[in-house]
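Chains as they are written, first to last, in the numbering used here: chain A, 1 to 259; chain B, 260 to 550.
Among the hints, erroneous ones may be present.
These stretches of chain A come out as covered by chain B in the derived footprint (C-beta under 8 Å, 3 or more residues) [said to hold, decoys possible]:
#1 117-129
#2 160-167
#3 196-204
Here are the simulated distance ranges between beta carbons [as the list claims (entries may be wrong)]:
#4 90/A / 296/B: 50 to 60 Å
#5 32/A / 450/B: 49 to 59 Å
#6 326/B / 246/A: 19 to 29 Å
It should be emphasised that the hints constitute simulated quantities derived from the structure, not laboratory data.
Backbone N, C-alpha and C define an ideal beta-carbon position, used for all residues, glycine too.
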Amino acid sequence: MGLLAVVCGAGAVYGFAVGPATAQKGTSVNPRPAPPPTSAAQRQQIDRGRSLFVDGCSSCHGNDAKGKRNVAPTLVGAGAAAADFYLSTGRMPLSNPTDEPTRSPPAYNRQDIDALVAYVASLGAGPAIPHVDISQGKTNTGLTSFTLHCAGCHQVGAAGGIVTGGVAPALNNEDITPTQIGEAIRVGPFLMPNFNAQQISDADIADIARYVRSTSTPDDRGGWGIGHIGPIPEGMIAWFLAAGALLLIARLIGEREPE
Amino acid sequence: MRRSRSPVGELAVVGALLAASACAIAFVLLYVFDEFNTQLLGLSLGLALAFLALAAIVAGKKVVDQRTSVEERPTLVEPEVEQEVAERAVGAREGVSRRKLIVGAAGVAGVSVGAAAIAPLASLGPNGVSAALKESPWRKGVPLVDDNDAPLSADQLEVGSWTTGFAQGADKRALGTAVVVVRILESEVFENPQWAPQGIMAYSKVCTHAGCAVSLFRYPTYEPTSQPPALVCPCHYSTFDVRRGAKVVFGPAGRPLPQLPLSIDAGGKLVAAGGYVGNIGPAWWGVRKGT
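So that you can see chain A by itself, here it is in the shape it has in the complex:
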């Protein structure tokens, strides 16, 4: 009960910090300024991030990161979580702004990503990179939460799926880190809805991340997962096997006795 109260309290604080009326996903109506950098090293990193941004991102997001109409959104208030998610999963930069961003090898190394994340975070207050410790998570409660919030699009075995207009990516991939899972839940990339701490708490994220990690090394009973997309292909296989068995039985029954 005490833990629940703490979680609810954290949710209330989060809700207050984000404010009730956010304009676009992850960005506030009137983004509050980010806290000023506290050290010279930080300022230096933000400057490095800005120059990387101007080189690699500004053709779509604009030189001041305020976006270009009908091309790319503003990054003011997008926050560190969004920047780290899109860059560390290789979804950005995108060669054609109308393409769906998909997971690919990151274009930047870790230091460059950190600098870009620091720059985007300095533009305005937004969701911070969540700290996800899967050793604190429970796989079974993670499965329950995943079924409730995620399985509609990503399938219960995390094999991915389709929404009209977009692809829900497969998550049963061991390259996906718990931090990226947490970022995606809070940010809601591309067509994915976002979830705040009142809907999916930080503890729930650890559970979900632990479950998602477990799907990349599934325990396939019988040795074959049949694509891990759930009961429909499994039922199809059962039908095919049963049809073969029935044919065999019919053949045995119908055999003529020798004269």
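Once you have looked at the hints, place chain B on chain A.
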């Protein structure tokens, strides 16, 4: 030429046919008096079919002579003999022959298994269920709760987020109870903004096509380069434009998801501002538009 047929085999066939008939009748009775006991329903129908199969197998193996032979028909030259044969043929029909017994048992089994196959048709279509389809626990002022019965508040939902809501105190499994609650930009609510305070709106979770749970919500990070917000049904990808009263923009559904008008009470909690606008539940032939 004729092999002596086994009376045991014939009795087994008759026994299996009568057992099939008894199971089928049990299925019909269960369907009428204990409709929701699906385990027993499946068991009785399965046993009926298994006994039919057993009867067919035993009949094929033990009763019907499988050898093929041609017997020359003797020419009947004398009319008296012909008369005698005709009388014998008629006389043989008297009493219960083995053939009659088996055909009779097969008839009994056929009728009862046929009845078992037809009886569940009573569950199809609007007869008797149309009233249940219109039933819903939503009235003006009924609070929305989440799956743990905790009230849903307006500040719980950010723009671009969604959840499943239920009517407080109602049976969560009833058709009319579950709603999908989404929040979009207030400026993007193009129809009936009075039902969507702060851009929060609720629609029936039951797809108007085949009755699946509408469990997919897409919300764009940047609309001009992707797709507008929509609810999507995972079964056949019917896509409902939440900005325009869940108008169907893709897929086989024939009518929008019924909207539940919302309001926010003094405590910031979400409550219904009335009942559903439109009929809930799937469509069937002739009422695709759900009128």
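Going through the hints against the structure:
no., hint, result
1, 117-129, "violated (count 0)"
2, 160-167, "holds (count 6)"
3, 196-204, "holds (count 3)"
4, 90/A / 296/B: 50 to 60 Å, "54 Å, holds"
5, 32/A / 450/B: 49 to 59 Å, "33 Å, violated"
6, 326/B / 246/A: 19 to 29 Å, "27 Å, holds"
Hint compliance for this structure: hints 1, 5 are broken, all remaining hints hold.
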